Each structure stands twice: as C-alpha cells, then as structure tokens.
Amino acid sequence: MADVVVFDAMPSSAVLYARALVPRSRPAVAAGLPERTVTLLHYRSTAAELARYDAVCGFGLTDALPASWLHVLTFPLQLTLMTAPDFPLAPTGMVHVSNTMVQHRPTLITEAPELSVRAERLRPHRRGVLVDLVGEARLGGEPVWEGRSTYLSRAATLPGEAEAEASEPDADAELRTAGLWRLPADLGRRYAAVSGDVNPIHLNPLAAKAFGFPRTIVHGMWSHARVLAALQPRLPEAYEVAAQFTKPVLLPSTLRYAVAATGSGFAARLTDRSGEKVHLRLGLTVR
Amino acid sequence: MADLRNAVLVGSNRVPFGKVGGAYAAATNLDLLTAALDGLVARFGLAGERVGEVAAGAVLKHSRDFNLTREAVLSSALSAATPAYDVQQACATSLTAAVQLSNRIRVGQLDVAIAGGVDSASDSPIAVNDGLRRKLLRLNAAKTPLDKLKTLATVRPADLAPEVPRAAEPRTGLNMGQHQAITTAHWGITRQAQDELAAASHHNLAKAWDAGFFDDLVTPYLGLTRDQALRADTSVERLAKLRPVFGDGPDATMTAGNSTPLSDGAAAVLLAEEGWARARNLPVLARIVDAETAAVDYLTGTEGLLMAPAHATARLLGRTGLSLQDFDFYEIHEAFASTVLCTLAAWESDEYCRDTLGLDGALGSIDRAKLNVNGSSLAAGHPFAATGARILGSLGKMLADKGRGSRGLISVCAAGGQGVVAIVEAI
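Protein sequences, first through last, are from chains F and V. Our numbering puts the last residue of the first sequence at 287; the count rises by one with no breaks. Our numbering puts the last residue of the second sequence at 1427; the count rises by one with no breaks.
Please keep in mind that the hints were generated in silico from the structure rather than gathered at the bench. Hints may be right or wrong, so weigh each one.
Claimed, not checked - For the chain V half of the interface with chain F, some residues (derived, Cβ under 8 Å), not all of them:
#: 1; residue: A1027
#: 2; residue: L1030
#: 3; residue: S1075
What the hints assert, rightly or not - Sample of chain V residues with no beta-carbon within 10 Å of chain F, all distances over it, derived:
#: 4; residue: D1003
#: 5; residue: L1060
#: 6; residue: P1125
#: 7; residue: R1134
#: 8; residue: A1185
#: 9; residue: Q1228
#: 10; residue: R1231
#: 11; residue: E1237
#: 12; residue: R1315
Note that the structure is predicted; figures quoted are calculated from it, not measured. Glycine included, each C-beta is placed from N, C-alpha and C at the ideal position.
From just these sequences and the hints, can you work out the full model?
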C-alpha cells in the first residue's frame, strides 16, 4: 500500500539523525522497501543560507540554485524515509557510493519548488546492499530537477547476483589538472553546518573510527558540489551529471582536480595529490 | 585625429541597488559584479564571446579581490579569453573606466569593451590594525618556536581593535559628509533646497520605475526587483523632520535623507566600435563625445572636497565650444543633495567662475527640469564604483529616446577632491 508523507516545513536532519542513533529492530531486508513518498510542499531558499553553502562549496552567489543545493534540500526527506521504523537498512554507517542529478532547467532563488523523495531498487552488492533514494523538484507541476543517491549498507545482505560496477565516465577522456584543493580538517563540520548533514563520520574522529575510518571523511556531496562549482560558469541550462564516490576523502587532505571538455559536456576526476588514488569520477552531459 | 573611429554605447545593465545589510547582505563584490556582467551578457547575447577588455573596480576592496574584474569575468558567461583589469577612482571609477575604454575603441585598439563598477557596504573589508599587522608579519618571519612565542607575547589588547573602512579622507580625517557640510555652509545652501532635491530624486526614480524605464537597464538579483533605498512616498515635509547628521550647531542642514545611503550594487556598460555593433544588429544609443577630470586642493580650505566637477566642466566646455545650456539632460551625481546645489550655485556665480575657474563670467544656470529626470543616487543608492556606469547607462537610453544629436552632461564627484565630467550625445 503506497503512502504519502507531506510536510509544509523542512524537517530537521539533526532530529532525524538522533532518531537513527537509537538501536532498534528492523524488518527483514528481503521484505523490501516501504512504498512511500515524502513530500515538502514548497521550499524557498534564503540568500543567507545559500550564500553560506556557496562559500563552503566554492559557488558564486547567483539567482540560479546549484543542482547540488537541491540535493541538500531533499536530504532531510531522504532521512525521513530512512529513519522510519519500516525502513529495512540502518541509515547510520551507510555510504554514499554514487549520485546522479538531472537539471531540466535552473531553479531560481525566487522560486519555491515542491520537493519529494522515494526509495527504490533495493539490490545486492558485493559488499552489502544498495538502495536508491530518488528525489524530485517540481515547479508548476513540471519536474525541474531529479536526483538519485545510491547508498551502500555494509551491514545488510540480500541474496542474488550483484550488479556490474558502473563504467568509468572519464575512461576515454584526456583529463588535465586544473586545481589542487586543500581541504581543512574541519571541512566536514563546515559542510554539515551549511547542509544539515550531521552524520557523525564527518564531524568527529572517534565516530569516524567507530565506522572504520581512521579520521573524519568529507561528505561525498561536498566533493561533488566542489566540482560543479569549478564548472559553474560553464554549466549549461539543462544537464545530467553523474558522480561516483570511489574512495572516501580523509580530512585534512589535498585533492587534485582534473577536468576535460568532452564532445557532450565535461569529465572530471578528484584524486589524491599524486593522482594515483581516485576519490571521485564525474561525467556531465548537456541535455 | 581624422581617422578616429566611433565608439558607441550599446547598452547597460545593473542590479537593483540594495541597502547596507539588506537584500545583498550575503553577496560579495565578486558575486555582485558577476551578476551585473551576466545580465549584460544575457541582454546582448554575449555568452561565450571574447570581449576585447573589461575594466571595472570597487572602492571598498578586500585584499583577496586584487584581480576582482578578471575573477568576475571568469565567473561570468563571457569567454574565458576575455582580458580584464581593475580600476579605481573612488565614486568616478566606472565613468573613468568607460571613458578610457571608449578611447581605446576610438583609436582602434579594441572593438568591444565593458566598463563597470561594484561596491558592497555590507561586505566591506575589516583589517587588523597596523600594530597587530606588523606583529603578525614578524610572527610569520620568526624561525624558532621561541621567537614565535616572544612575538606573540608582545600582542596587546589594543592591537586587537579592528580597522573598519570609513568614508573619511586620509589626509583630513573628516568624513565626506563633514567635508561637504563645510562647502554647503560656504555656499549658503538651505535645508529646504536640499530636502526638495532629495524628494524630487525619490519621486523621479519612482516614476521611472513605474513607467518601465528600467526594464531594459536592470536585472533583478536575489529577489530584489527595485532599488531598496527608494521611498516613493517621501515628501519635503517628511524629510524636514530628520535630524542633521553632518555639520555643527543650529545651522547644520545635512541629514540622512538628503545624503546618499550606504549601498550594495553593481553596474556595467557595453561599449563598441559603431560598425561592430551595427554588424551584429546591436543598439547604438550614444557616444562619449569628450570627458575631463579635475582635481582640487581641498587641504588648505581654498576649495571644497567635492567641487572638482565645477572645474572639469569649465575646461570641458571651453574645449568643446559648448555652453552649459547646450544640453538636453544633466546628470549630476547626488553624493549629497547639497553637492548638486553647490555645483549649480558655483556655475551661476560670476565671481566664482571668474576668480576660481578663470572664465570671463558665470557659466549660468540650467533648466532644473532637465536635471536627474529619472532620479539619482539619493533615491537609487550609491554603491560607489557602480554609480558612473548606472548614470551612463540611463543617460544613454534617455538620449536615444530623445533622438539623434540630443546631448547630456554627466558630473561625478569623487573622494580625494576629484571629479569627472563627460559629454554624451545620441547617435
């Protein structure tokens, strides 16, 4: 039975995370996902919150909202779904492995899109179980933005054959270094403050250790946003962008940003300083 | 000089000007200048185009903004192959930039160029004071941890007081309003006359907005669609109630109502060689006929800080053979209502024009119905470096509407006792 949860004000990520930290039993993974859509009827961003987000991610403050900001706005709706008692995977410790966004047209700061999120495609992975949280932003009934966040739960298993790893979007492109980014130790806390994603693995070294990371790691969506910010002046009105978070970025660190214009858009990569360890691959296609 | 080309004003764009701490409180100079450029690019289809040169600037500048204009070009939709540089001549910044670029186009060095300016009073730089700055530099140079510790130990509480930028003249310590108050008293400009000019500025600007005059001159930004300082419903009676803020004693006349508010905003104008513009079917509004910059000695009490435009006008009219009455529009930047009124009084004074400007007699009076007809800085606000481009953009449109050969005079006073005037003519 499909159900719909409707908010008319943004739920608090911090409260939802607190709920997630309480241990409790969950339904069996094999029972599947609850059929539910979580909707926020309208949300108008303020210039002040957008400016803080832009400053942390490297965007200039423009009337057009960054696609990654719309992801930030849908994140509390994702958490609402994932912290519900009938959600089969534990949200704490889940890893964001890939993200795809489609911008049909820019959403302006003066507009108040309707935002909704649902979960789908629960499937086995060689290291656990994958699930997609699918978001949508609509204006006047028309979709203007879609986002698909794929999360890996390493704590769960599901019988069946794991799907093939996604191909490398930049496999054929000749990428050139266009940046050396120094990420400060407190970047996880800074991004948490502007995005509301207060997952402890980004905030506190001890919490990060508890989930198997030697130090705090930066949010995948910061890395993704930072690359979009580097491309901001060249972004088309409508595009699709796919990012794979191949290895977590420990803080502090220095990242090498490499990019190339392709026939259809851009390919980019974030690696460690030497260029050997790949943290993020990104492909952007004009629509 | 026969083979000089024609440089024309194609059009302009600005953001609605915001009040300090208002709609643009979170925006930086870079954000604002980029917004003004991108609006211009969108209006004239310049996305991805290489423009010959962009010259713009800001008065209140962070040290990180050393290459502000080039950074704004890189943030904009212009081709990254567009060169840019920063200029700064206080409140005359973008007018001076436009004059220089127009000349570069005329001599054949550029085909198309953008002049602009930006200022944010909300995001103004705060510096550490000189004592702390020197100690921090020493700390940075210290080799051993002990040396570093010794340097740190010399920091005193007084070193921690920040240096906030003020609109004060470095040599006199007087702020601009205090300087102007002296000039206002010298010329005997009344409170009533100042309040009337301020009310007219608001009413003219409101009328222009209502008539759609700014529809192709302004692009909304961050939800702001009109100039935030504009008070359409103000009146001389209301303005008369305000307490004077500049000047001393019972004779003080300058209030927050007849002085420009601190503002945030950016403006840009597109200039091109006439053939280049026509080949692209772009508008050809007007041209900068000639311009003159003057500077005065305000340190010895012989001249007012903001009186340089009176001098520049005398020289410019002398050179072009025009009289002060040969104009359809006068755009005199309203740093303060009394700045405009002092300038008019100076032009009307036989004694001043003879003894100070070296003319045979007064330049005369102007038809006040032709002055700042679509409002000026008192109502629109005054993001220092953006004001010249705002005025040039608006005047170009007014002249083009009026018809070929119509003529306007721009006068902009600037800190440091400087002033720029320009003659603009419809094509």
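Each hint, compared with the structure:
no.	hint	verdict
1	A1027	holds (5 Å)
2	L1030	holds (7 Å)
3	S1075	holds (5 Å)
4	D1003	holds (38 Å)
5	L1060	holds (17 Å)
6	P1125	holds (16 Å)
7	R1134	holds (27 Å)
8	A1185	holds (42 Å)
9	Q1228	holds (13 Å)
10	R1231	holds (23 Å)
11	E1237	holds (35 Å)
12	R1315	holds (42 Å)
Figure legend: structure checked against the earlier numbered hints; every hint is met.
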